[in-house]
Amino acid sequence: MAVREAAVVGIGRTAFSKSSGRTPLAMAAEAARAALDDAGLRPSDVDGIIDFNTNDSASGPDVARAIGAVDLGLAMDVQGGGNLAVTVVGQAFAAVQTGTCDVVVVFRSLNGRSGNRYGRGDRPALAMRGDMQFAALNGYVIPPMWIAMFAQRHKHVYGTTDEDFGQIAITMRKHAAANPHAMQRQPIDMDDYLSARWICEPFRLYDCCLETDGAVALVVTTLDRARDLRHTPIRMAGFGEAHTNGGSWTNFPDLSEMYSAYAARRLWNSTGLRPADIDIACMYDCFTGTVMATFADFGFCPKGETGAFFAEGRATYGGDVVVNPHGGLLSEGYLHGLNHHFEAVRQLRGHAGDRQVPGAARALVTAGAGPAGGALIYQADR
Amino acid sequence: MTGDRPAPPAPLIDADSAGFWEATREGRIALCRCDGCGTWLARPLERCSRCAAPTSFAPVAGTGTIYSYIVVHHPAVPAFAHLVPYVIALVEFDEGPRLPGILLGERGPGVAVGQRVRAELTTFPGADERAVTFRRDASGG
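One line per chain: the protein sequences are A and B, in this order. At position 339 of the first sequence (counting the first as 1) the number is 339 in my numbering, and the numbers step up by one without a gap. At position 105 of the second sequence (counting the first as 1) the number is 105 in my numbering, and the numbers step up by one without a gap.
These are calculated hints, taken from the structure and not from any lab test. Certain hints may be false.
Said to hold, decoys possible - Here are the computed distance ranges between Cβ atoms for each label pair:
| no. | chain 1 | residue 1 | chain 2 | residue 2 | range |
| --- | --- | --- | --- | --- | --- |
| 1 | B | 37 | A | 381 | 48 to 54 Å |
| 2 | A | 42 | B | 125 | 54 to 60 Å |
| 3 | A | 73 | B | 109 | 56 to 62 Å |
| 4 | A | 273 | B | 58 | 45 to 51 Å |
| 5 | B | 35 | A | 23 | 49 to 55 Å |
| 6 | B | 122 | A | 381 | 58 to 64 Å |
By construction, the Cβ of each residue, glycine as well, lies at the ideal position given by its N, Cα and C atoms.
So here's chain B without its partners, still in its complex pose (with noise of 0.2 Å):
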């Protein structure tokens, strides 16, 4: 059910990030990571930017602290006017790599940076690809 409900904003998918989605798309969150020395890709890269060893996408535990947030008030975004006031929170994941996602079921009060959160894949109407949602980790503070 969509209604008249415009799409989110699309993805640039390219060969670079497609592991990324094929992940998504089997319900799975899984980040680039240099399979020489290990490091986390926050940009997935056909090669490591430090060792210039080759990459691939590793699943995350789904765990991570809000680094910052914000209150979106004005309903710029077509697709999610109709949510507003609603929270978009910058996540550091456990893995290193931070990543903006919709803090589900939040409007603003009570939300604070250093909150864990517990990310997951929401398929927003319109939208071809799941995005990463959060929600705060009731079990974490």
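Bound-form chain A, shown alone (with noise of 0.2 Å):
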């Protein structure tokens, strides 16, 4: 069996909400239509499925049937967090690559806001077993604890300070500005950063992501189909992935750094490009202490030196590269890490209009945070 080459040609999202008062299944399904009409394709020529969820949202059958796909060469509904936005990428690819399938959706739709929120305590969305059942009766049960232990390591290490994390933050409310269909628009300051109010020491409010409602999803095919398609088809030059210690949140090894120590090993070696190569980076940004660890442990800056290239205008338009043109997670919206893709494939076709980096030729896009996670590089075939 051949082995093919796969590209993007397709992306497609609903509006970002707090409230959609839809199921996951019509979002899922709006966004699948969406992504296949972009490319030019129809839905009887899926047949293939793929997303992730941690029991909140739609199955791929189910979406795919939504749509008019019922008969599917693949299907897969992975369970997990964000570090799988990048896995289902990689899957998708894989599917193409070796003639599984020769469509493949991939979707990530959820009620972020509205229904089971991750930030929420109550009904803790990740199971409590394995190490996290000694975390449990501590109510040490939620991503801002988790993220914000490890953010606190990295300030005893390398006396990373308030004003490095906010710099993250600053930055990506600055790009979300011009994006419409970001969540959160009106810029912050320094002291708005300093003076809003904690959620979980060190992190305060502008340090954590925006629970959102909506759906993404994008459309796999071969790279041969790709370039009779409507849009500049959009490749994969690089992947890493890196599944740590069992996926443990308080037993990773050293909490300065994160699964990403691990992957950038296997994205870098996996490709002929380095950091430089890249122009648009789309960090995984579910906490600013997030950006911290992983920016640097892929090799974009020395440990400890997040902050300082924040500061130096090094992360944005004009500078080395730019961090999340659409304003991430932390302002455009939490769509689990999907919502990295849909911008990385935009900026590499030139579509981004008003927030387009000019020239952009490579996007990274990371996924993940802790333990686990993973990375990619897109280039346009051009």
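Both chains come to you apart, so use the hints to assemble them.
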């Protein structure tokens, strides 16, 4: 069986809101239809569907049927967190490359604000088994706590300041100002950042992403077919994941770094590229602390210097690399990281309008925080 | 006296971890340890991840060091909403494994990475099991 090349050919999404009033099924179907329409493909072309969820969404086959795709060669519902936002795209590429499928829809759909909120500890979204059973009775059960624990260790090891975290939040909000789809577009400055209420020290309000209702979908097909479709095909130029230490948030060896300290080796070994070759970095930013660790782990700056990198304007337009031109999970919205792929594709097509990164040729997309995650590099087929 | 206060989230106990909870019910803290090579296992396992020998739950000294900590201000967990602000410390036991737990009697100021703590067992209102919690060790800085 010959290995074929694959590409992203379509992107789609719903409105992002705090209260959709819709089912994840309805939103996923809208995003999938929009992505197919964007590509110039029909629902009947779809023979594979892959999604991830935390038991808060619609199943892939259900979504496929809802758009009229009733005979699939592959259907994968993957259970888990934001690390999977790269996994599912990698699996879609693999399905096309191996000939398992010709047209694969990837989606994430959730009522992250009006439904099951990850920031609420009354109904923890993630099962309290394994190491985490020891965390349950103390209420150590939600992501802001776990990632704040990493951030505090980062402060201890590197002398990271509150302002260093603030620089990341301020940059994301500045970028979101040019994005009509973003949930929060009002610029903030350091005074706003520092005077906002504490959520979970060392995190204040603006260190935390925006729980959001909505859906995002991508369509992947063969590169041959992609070249006959509507838009510039977006290929994959690098890929690397790391699922470390059994996914333990408490016994990960060094909390001043994250999965990215492991995934970086696989990512850069999979390609001839280096961080300096990346024009756009869509960094998974569930919290500022996630960017603090992963940006350095992936080699954009020495460990402990992420805050200075942002403060010097090197993470925005005119700098070394534009981080999250859409405003990220912190300001566009928490679509569990699949919205980073939407933005990367749009930028590499040159369709990002007011926030277009001039001459963008390659985009890194990362996914996940703590012990598990991954990254891929997109490149326009020009 | 629990009033209307909700119970804290419950652990998912299984055959691999049952020994830990049997110990806490008897007022002891015991962690999973390999009977063969002596490795302490943060995640309870039927057999050692290093040498595959059987494991058992062995008592620990109950002392450790704050590896990191957070100060919870937003009352996201209903069982502890009345405590805010409170501290959760990630404590490295002297035997090696880390456990998270509320650092009782602390509200944030004065807490630091590296401080010595002592573990104890606390039954929070509404909970079926006893939680491992911590207090700063007055003698150990």
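Against the structure, the hints:
1. B:37 with A:381: 48 to 54 Å: holds (53 Å)
2. A:42 with B:125: 54 to 60 Å: holds (58 Å)
3. A:73 with B:109: 56 to 62 Å: holds (60 Å)
4. A:273 with B:58: 45 to 51 Å: At roughly 49 Å between Cβ atoms, residue 58 of chain B and residue 273 of chain A fall inside 45 to 51 Å, so the hint holds.
5. B:35 with A:23: 49 to 55 Å: The hint (49 to 55 Å, Cβ to Cβ) holds, given that residue 35 of chain B and residue 23 of chain A are roughly 52 Å apart.
6. B:122 with A:381: 58 to 64 Å: At 59 Å between Cβs, range holds.
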